[in-house]
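Residue numbers (this note's numbering), protein chains in the order written: chain A, 1 to 453; chain B, 1001 to 1120.
It is worth saying that the hints were derived from the structure and are not from the lab.
Note that the structure is predicted; figures quoted are calculated from it, not measured.
Some clues are possibly wrong.
Partner residues are not named here, just some residues of chain A that face chain B (Cβ under 10 Å, in silico) [claimed, not checked]: (1) Leu92; (2) Arg98; (3) Glu102; (4) Phe141; (5) Val291; (6) Ile339; (7) Gln363; (8) Ile407; (9) Gly434; (10) Leu435; (11) Asp436; (12) Pro437.
Glycine included, each C-beta is placed from N, C-alpha and C at the ideal position.
Listed below are the residues making up each chain.
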Amino acid sequence: MGDNTFAKLVNASTRNLEITDGSNIAVIGGGPAGSFFSYFAIDFARIIDLNINIDIIEPKYFDKAGPTGCNHCGGIISETLVQNLSAEGIVLPSRVIRRGIESYTIHLETGSAVIETPLNEQRIASVFRGLGPKGEENSNFESFDGYLLSLCKEKGINLINARVKELERHEDGIVVKCTGVPDKKYDLVVGSVGLNPGALSLFKNINPSYIIPKTTKTHICEFYMADTDIDKYFGNSMHVFLLNLPNIKFGALIPKSNYVTMVLLGDQIDSKVVDSFLGSKEVKGCFPKNVELKTLMHCHCFPAINIEGAKSAYDDRIILIGDSATSKLYKNGIGAAYITSKAAARTAIFQGISKNDFQNHYQKICKKLETDNNIGKFIFGVTSFIQKSELLKKGLHATILDEQNKINDKRRLSSILWDTFTGSAPYSSILQRGLDPRVGASFIWNTIKQTFT
Amino acid sequence: MFRRNNTLGHLYKDGEIIIKQGTPGNCLYVIQKGTVEVIKENDGGEIKVAELNEKDFFGEMALFEKDLRSCTVKAKGNATVLTLDKRSLYKTIQNDPSLAFRLLEKMSNRLRETDQKLAY
């Protein structure tokens, strides 16, 4: 190795890449991850008296109904995220919340049970990421993603409606080339492009070591119903299904204003799997009698979800966040976007924007989520095992019903299921509580009782 | 009774007490919608200390000390209030200390306001 090359390497590894007064940051993608990053980065900069400029570059219009503004998501803001956002001063307004969720109803082949939210409060929000399915143009509601972007704009962050076509690395920054907008050089480029393959490849081009996340297909569908019918048949309850159907780990029906969103999670969900779910008597039983469910279907899609995080989601002056980096397995993707975005903003503003900075301060947060997801895989393995056994499901059902007569602290299994299905707690916390001998004893006792009934 | 709602938290009716002075507490509250009044009760009388609105929080002293609630808070008109559980908030702050920035900033503002009131 020549002296010159060695000097360059040393220089590159030790140079002080950091955000300073007047720095420019491009955030590519204006979904929750991009908005959270921008919101917190500008706040952190203000705390240490830095004036920075942030441009969010997003081609979608979240104030439009239909696919133009849709971000293909079930649209649940978990209890934990609602609390964290409130503590941050982000209170979701009524025009964004399609329905406050106060309970969930678990459906098994052996019966159903309602589990109320702790503290008798509506603590989970159902939202639309865009304005909603086609036909929602004149609704008084606002999209969740659009609302977060409006908070960013209030803080002086610029929104550029454009599509990025190329990223080009220079010695002193990264040039972002967009359609219809002049090229601009940035000190830091943040990738919050979800799992969009085209957009991810832009980052792969300037950061070849980046390995994109592994994904699987899921299914989301919107059923249009009169709001009074939704009140009558679904109430403010999220309906979850643990049925013994192939490929399906979990199904949910989420009531919104005048739509019910169906989410199916599992392995390679396709039309056949969807039909088997819709054909089950437990799902049909949630809707008005004699209604052909397919006639209520307004739109549907098979979006990809993240099942294994990316590798090397950062480099000098580059950081990927949200789904483009990692997520929470099956649940609470928006909550995971909040965690990674905020960690990236903290690192960029307080530590620096070199590869080393991101490796030392950001990577550990992604790693923690990944480790938790591995525990999540085990937990979903256990629920899949229970799903296949009628006796265990009877035991589960009996335990939940038994617990509803007890005070909150004693509803141990219910709280475990609540957190598993709503994504409110880390999987590690769910496992820890699941290992409590009192949970196992109660479940086993109720299961034994079922063998004699 | 079924109530369709697109506001999060618990709905308190006008005049309904959310926290009562002298009672133990372990939660922080964030106003989601509406207004609440903070009242100091002494010797049978009541003094209105503050009026809080959407996004404001109260009950924060319970996060840091194990004392009884120092004031009564009640809804002024209908108010929807979200409860933030002390234990889960601390767990989050453990992972992300910056979550406490806003709480500290607000508490610092309140101290400054109190100082100003005392000075005049």
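Hints and how they fare:
The beta carbon of leucine 92 of chain A comes within 7 Å of a beta carbon in chain B, closer than 10 Å, and the hint placing it at the interface holds. A hinted interface residue such as arginine 98 of chain A counts as satisfied when its beta carbon comes closer than 10 Å to some beta carbon of chain B; here the least separation is about 6 Å, so the hint holds. Annotation: glutamate 102 of chain A was flagged as interfacial toward chain B, and the flag holds, the nearest CB pair being 8 Å apart, inside 10 Å. Because the closest C-beta pair between phenylalanine 141 of chain A and chain B is about 8 Å apart, less than 10 Å, the hint holds.
Among the interface hints, the one on valine 291 of chain A is violated; its C-beta lies about 21 Å from the nearest C-beta in chain B, farther than the 10 Å criterion. Checking isoleucine 339 of chain A against chain B by beta carbon gives a least distance of about 8 Å; that is within 10 Å, so the hint holds. With 10 Å as the threshold, the beta carbon of glutamine 363 of chain A stays out of range of chain B, its nearest partner Cβ sitting at about 15 Å, so the hint is violated. With a cut of 10 Å, the hint placing isoleucine 407 of chain A at the interface with chain B is violated, because the nearest CB-to-CB distance is about 15 Å.
Interface restraint check for glycine 434 of chain A: the shortest CB-CB distance to chain B comes to about 18 Å, outside 10 Å, so the restraint is violated. A cut of 10 Å between beta carbons decides the hint on leucine 435 of chain A: the least distance to chain B is about 18 Å, and the hint is violated. Of the supplied interface hints, the one on aspartate 436 of chain A is violated, with its beta-carbon coming no nearer than about 16 Å to a beta-carbon of chain B, more than 10 Å. Evaluation of the proline 437 of chain A hint against chain B yields a violated restraint, the C-beta minimum of about 22 Å exceeding 10 Å.
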